[in-house]
Amino acid sequence: MSTVLFYILGFTALAATLMCITRRNPVHAVIYLVNAFFALALLFYLLGAPLVAAWEVIIYAGAIMVLFLFIIMMLELAPMHTPAGPGWKRWGPVAALSLILLCCTILMVAVDTGSSQSVPFFYVSPRVFGTVLFKKYPLAVQVVSFQLLFAAVGAYYVGRSERLADREDKS
Amino acid sequence: MIVPMSHILAFSGAMFFMGFACVLAQRNLIMILIGVEVMLNAVGLTLVGASALWGQVDGQIFVIFLMAMTSAEVSISLAMVVYLHRRSKTLEADAFSGMKG
Chain A
1 MSTVLFYILG FTALAATLMC ITRRNPVHAV IYLVNAFFAL ALLFYLLGAP LVAAWEVIIY
61 AGAIMVLFLF IIMMLELAPM HTPAGPGWKR WGPVAALSLI LLCCTILMVA VDTGSSQSVP
121 FFYVSPRVFG TVLFKKYPLA VQVVSFQLLF AAVGAYYVGR SERLADREDK S
Chain B
1 MIVPMSHILA FSGAMFFMGF ACVLAQRNLI MILIGVEVML NAVGLTLVGA SALWGQVDGQ
61 IFVIFLMAMT SAEVSISLAM VVYLHRRSKT LEADAFSGMK G
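One line per chain: the protein sequences are A and B, in this order. Residue 1 is where the first sequence starts when you use the working numbering, and the numbers rise one by one after that. Residue 1 is where the second sequence starts when you use the working numbering, and the numbers rise one by one after that.
Just so you know, not all the hints are guaranteed correct.
To be verified - Chain B regions said to be covered by chain A (calculated; three or more residues, Cβ under 8 Å):
1) 35-49
2) 57-69
3) 89-95
Claimed, not checked - Pair by pair, the computed Cβ-Cβ distance ranges are:
4) K89(A) - Q56(B): 25 to 33 Å
5) M1(A) - E92(B): 28 to 36 Å
6) V4(A) - D94(B): 39 to 47 Å
7) K100(B) - V4(A): 47 to 55 Å
Unchecked claim - Below are the EDC-like pairs computed for lysine to aspartate or glutamate, each with C-alpha atoms no more than 16 Å apart in a straight line:
8) K89(B) - E76(A)
9) K135(A) - D58(B)
10) K136(A) - E92(B)
The hints are simulated quantities; they were obtained by calculation from the structure and are not laboratory data. Ideal Cβ positions, reconstructed from N, Cα and C, are used throughout, including at glycine.
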């Protein structure tokens, strides 16, 4: 059961990635990439990493992809005109991919009865994960938090407005 | 293991090289960044697969560090995309060849 699901999800992710990297319109590419990330999150769950699967959806498909969409729309990079041709050619593939993902998710929820027999071969609960993370790698956690702080400061510095930059250069 | 490790490696390798092809072939800065995202996710799948293969948590912890690294990278690079767009009104990578020898 898990094996079949793994191959279905794997080919879905590869198809979504292939569609993503061949698009000219960045908005379409981002939508396909969100599909690929959902498929990857289900793969992570199948491989016994439920916490990583949740973060894949929350951080990658949620935060990072919305940031991409925000920048694309702020800079008006997407073409304004609608190309000719029937509409289903544009939204058909992404709807099919999403439908496959939805079916796989429902199947996984239906199979998981919550009993002890349904626990997979290898499963890392969030409690074990957190214990190992903070007991074995405390220094790495600190380094990563500093890295995120520096990234926030750097993004603010690079993205400040021209007028402010001129005033700072003169003074 | 639900599937042999070689299949996981083949799948993530295919995904990695799709992202690599995207970085090399696309000329739009946003699409290049998307290619980098695809490559990083393929690496994450390899780490989770290795974690399941040896029954250790460490691989999954590395994926969390990878995600933190990616969010830092994306925030900086998108700020640079905004900066470059403000400076030269284009996002084609060929326009930024000022350091060519």
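Each hint tested on the structure:
1. 35-49: Answer holds; 8 residues pass the 8 Å Cβ test.
2. 57-69: With 10 residues in contact (Cβ-Cβ under 8 Å with chain A), the coverage given for the stretch 57-69 of chain B holds.
3. 89-95: Result for this restraint: violated, n = 1.
4. K89(A) - Q56(B): 25 to 33 Å: Given about 46 Å between the Cβ atoms, the range is violated.
5. M1(A) - E92(B): 28 to 36 Å: The hinted range 28 to 36 Å is violated for M1(A) and E92(B), with Cβ atoms some 48 Å apart.
6. V4(A) - D94(B): 39 to 47 Å: Hint holds: Cβ distance 45 Å, inside 39 to 47 Å.
7. K100(B) - V4(A): 47 to 55 Å: Cβ of K100(B) to Cβ of V4(A): about 52 Å, so the range 47 to 55 Å holds.
8. K89(B) - E76(A): Measuring from Cα to Cα gives roughly 11 Å; hence the hint holds.
9. K135(A) - D58(B): Cα-Cα ~12 Å, so holds.
10. K136(A) - E92(B): Violated, at about 44 Å.
Consistency note: the structure conflicts with the earlier hints numbered 3, 4, 5 and 10.
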